[in-house]
Amino acid sequence: MVELNAAVALLGRFPALTGVDLRIEAGETVLLQGPNGAGKTTLLRLCAGLLAPESGTVTVLGHDLAAGPERRAVRRRVALLGHSTGLYEDLTVAENVRFWARAAGLDAEPSVERVVGALQRLGLDDGLLDLPVHRLSAGQRRRTSLAALVVRRPELWLLDEPHAGLDQAGRNVVDELIGDAVAAGGTVVVSSHELERVRLLSPRVVTLAGGTVHRDTSS
Amino acid sequence: MSRFLADARLVAAKDLRIEARSRVVLNQVAPFALLVLVLFGFALDADQRTLRAFAPGLFWVAVLLCALLAIQRSVSVEQADGALTGLRLSGMSPAALFIGKASAVFVQLVVLEVLLTAGIIVLYGSEVAQPLLVVATGLLAAVAVACTGTLYGALASGLGVRETLLPILLLPVLAPVLIGATRAFDDALGSAAVDGWAWLGLLAVFAVVATAGGALAYGALVEE
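Heads up: the sequence lines are chains A and B, in that order.
Reading the first sequence from the start, the letters are residues 1 to 219 in the numbering used here.
Reading the second sequence from the start, the letters are residues 1001 to 1224 in the numbering used here.
Next up, chain A with everything else stripped away, as it sits in the complex:
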């Protein structure tokens, strides 16, 4: 599913990952932890095909991410929840969710039912459907961003601090979402500082430090 061998990635001219060896099997849930600057976000962006490895190999869903076309091909099969929501302020919640689903390669416009289902799954009232995003709270934006990923049904979930900015109910919903993704055969990699919460979801914890794997509980 995901395999990195001596993977090095740069942020500008600085090495953010200095030689990562990691293998994640299909259906696994993996928690990434480590101090700020350890390389967690860079690792997720690398696996999403947003960065090219400077050296070493990165294979995700059978795609060797050294090549640009392979990186573009893998992007349609993964979902990355980053620090920003990627939502358009002047579009409604439903328009945003539909746009991102279509952009990710869904051939047909997602049905209203599917959009509503995704929003409900994230604990959002379907009364928000026609509300422009600029009228949402930060937590509602975060959930809408997640709903846009849910509609796509990705094979690999890469979640960077998914609980950030959410209230207790929202955090529980994210936990349930991760459980659902795994139950549906998906693979989930979560970067989080909320160790106790995420440990309940994942027996495997990978600790990054200084841009490399410091500890992996599976080995």
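Since the hints were derived computationally from the structure, they do not count as laboratory data.
Treat the numbers as computed from the prediction; the structure is a model and nothing was measured.
By construction, the Cβ of each residue, glycine as well, lies at the ideal position given by its N, Cα and C atoms.
Keep in mind that a hint or two might mislead.
Stated by the list, open to error - A partial selection of chain B residues facing chain A, derived with a Cβ cut-off under 8 Å:
#1 1010
#2 1012
#3 1016
#4 1021
#5 1069
#6 1083
#7 1089
Go by the hints and put chain B onto chain A.
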């Protein structure tokens, strides 16, 4: 190919929908365009004969100034909350993204050109002697400006100083469009005895090169 066109259409429709909701071009750029025409009138002492003679050049300078605003808006929409990263993550072809973004700017420019044409007729007393040449020039120049602007907007945003750098980067590159479109309008509005259709050829070449070059180069700019 159908995926390419579907993606380009999706992006263009999204940008136009955002414009329809926010009305930035309609409520801010369009009044600015008319204001520029009025200020040119003040600067030239409101002499209609002088204004008619200079109308083609003033028209295209106003179009370029408005294009800067429309292009900056097109770039900022993708920068606001990481949407550009989302577009990259979508796996969409960068060329399709480029065509989609440029198409939306093109539509907005055409609307502004219609408004400005009405403006020079009303304010400067210009007369359209060759409507077909006016339309052809307007469309080709809009393609050239939209494609070049979309490409340079991505370049400037990558350098992180888009608001200040974009005009400095873009306006010199668009000088041939300004010259060609002004000469073509000189003929179309009967302001000067030139062969406007020959200048239209220059605009057509520029538009083709800007479209093809932009589609090829855009990927490298948004990936970095």
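Is the hint on residue 1021/B kept, meaning its closest Cβ partner in chain A is under 8 Å away? holds, 4 Å
- Close enough to count: is the Cβ of residue 1016/B nearer than 8 Å to one in chain A? Nearest chain A Cβ about 11 Å off; hint violated.
Going by Cβ atoms only, is residue 1083/B closer than 8 Å to chain A? holds, 5 Å
Minimum Cβ distance from residue 1069/B to chain A below 8 Å?
violated, 17 Å
(Q) Next item in the hint list is residue 1012/B. Is there a CB on chain A closer than 8 Å to its CB? (A) Given a least distance of 12 Å, the restraint on residue 1012/B is violated.
Have a go at the residue 1089/B hint: is there a Cβ in chain A nearer than 8 Å to its own Cβ? holds, 5 Å
| field | residue 1010/B as an interface hint toward chain A, with CB separation required under 8 Å | value | holds, 5 Å
The structure fails hints 2, 3 and 5 (numbered hints given earlier, in ascending order).
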